[in-house]
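Position chain B against the provided structure of chain A, taking the given hints into account.
There are 2 protein chains.
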Amino acid sequence: MDTLSVPQVISSQDLLKHWQGHRALTRRVIEAFPEKDFFEFSIAGMRTFAKLTDELLAIASPALKGIVNREVKPFTEGDTENLTTKAQYLQKWDEATKEINDNWAKLADEDFSVTFNLFGQYEFPIIHNILYFIDNEVHHRGQGYVYLRALGIEPPFFWERQ
Amino acid sequence: MDTLSVPQVISSQDLLKHWQGHRALTRRVIEAFPEKDFFEFSIAGMRTFAKLTDELLAIASPALKGIVNREVKPFTEGDTENLTTKAQYLQKWDEATKEINDNWAKLADEDFSVTFNLFGQYEFPIIHNILYFIDNEVHHRGQGYVYLRALGIEPPFFWERQ
Chain A
630 MDTLSVPQVI SSQDLLKHWQ GHRALTRRVI EAFPEKDFFE FSIAGMRTFA KLTDELLAIA
690 SPALKGIVNR EVKPFTEGDT ENLTTKAQYL QKWDEATKEI NDNWAKLADE DFSVTFNLFG
750 QYEFPIIHNI LYFIDNEVHH RGQGYVYLRA LGIEPPFFWE RQ
Chain B
630 MDTLSVPQVI SSQDLLKHWQ GHRALTRRVI EAFPEKDFFE FSIAGMRTFA KLTDELLAIA
690 SPALKGIVNR EVKPFTEGDT ENLTTKAQYL QKWDEATKEI NDNWAKLADE DFSVTFNLFG
750 QYEFPIIHNI LYFIDNEVHH RGQGYVYLRA LGIEPPFFWE RQ
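Those protein sequences? They're chains A and B, same order as listed.
Read in order, the letters of the first sequence are residues 630 to 791 in this note's numbering.
Read in order, the letters of the second sequence are residues 630 to 791 in this note's numbering.
The shape of chain A in the complex, shown without the other chains (with noise of 0.2 Å):
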């Protein structure tokens, strides 16, 4: 039997076309949001977009990063310290974007389910290190979206993923 016939519930391309879809929308909220109002608008003293930025970026990139080289190095967010504009961070989320194809192209099916330690403190399959970077964002990008609210910006559709 061909392992091609075997159906999986999710492929490994469709995966990464899913959270490089979420990365889209991620992307098209940075660019919403006033240049200002990135850095210093937030609601009930919760981090401004652009330090919820800083957590995506060091998240998905990096960690996947890690995963692909076996490569446990503990969490940290220094290296968007120094961005001050939008456009850097943009820039930032598209060099984010190339390494994450280029570094998911490394991984085969037999490795998400391998168990892998993140960040030194996460110690899960890797399918659910994935999962949490997806869903991380999914839910902070949420918050993003009642700040653009709030700031009487309409945020983009939720299902616009390109």
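Among these hints, one or two may not hold up.
Which copy is meant is left open, so a pair is good if it fits within one copy or across any two.
Mimicking DSSO-like on lysine-lysine, the simulated pairs with C-alpha atoms at most 30 Å apart in a straight line are [what the hints assert, rightly or not]:
id : residue 1 : residue 2
1  : Lys646    : Lys721
2  : Lys715    : Lys702
3  : Lys680    : Lys727
4  : Lys646    : Lys694
5  : Lys715    : Lys680
6  : Lys721    : Lys694
7  : Lys727    : Lys715
Hints in this document: simulated from the structure, not taken from any laboratory.
Chain B alone, transformed into the frame defined by chain A:
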């Protein structure tokens, strides 16, 4: 070759567990709202968390039932319009949890790649309909976290899924 020996990116059982884990967290968020605020509090004219919960309940179990029975029905939120207490919502939530488990058992691995016209509107492979339910819930729950923070209430931990 035994099909069981072929690596899955994610197994059907694991995806169900992932979804129900998110639903358990959303249940905690409903619980965290003060009774009155669940029905009345909102930011910037967005829906209350009760209204968002109406949507989540109108999607999850009814949509999965439609998928399993390949029965195309329009989307409707009518089922929860008479609920007036958090306790009633939580009961409805728990009923949906059981229905989802029961209907999930009827999905075979090969079903996930089959295209289904959800609510007569969203024609996608079943896996993408299901991922959409989960993402939509995480998205709206993210709004709920902002509502709770604005009310001075500490939301449940995002990683708490039991």
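Going through the hints against the structure:
{"no.": "1", "hint": "Lys646 with Lys721", "result": "within (19 Å within a copy, 34 Å between copies)"}
{"no.": "2", "hint": "Lys715 with Lys702", "result": "within (28 Å within a copy, 43 Å between copies)"}
{"no.": "3", "hint": "Lys680 with Lys727", "result": "within (22 Å within a copy, 39 Å between copies)"}
{"no.": "4", "hint": "Lys646 with Lys694", "result": "both (17 Å within a copy, 26 Å between copies)"}
{"no.": "5", "hint": "Lys715 with Lys680", "result": "within (12 Å within a copy, 34 Å between copies)"}
{"no.": "6", "hint": "Lys721 with Lys694", "result": "within (15 Å within a copy, 42 Å between copies)"}
{"no.": "7", "hint": "Lys727 with Lys715", "result": "within (19 Å within a copy, 45 Å between copies)"}
When each numbered hint is compared with the structure, no violation occurs for any of them.
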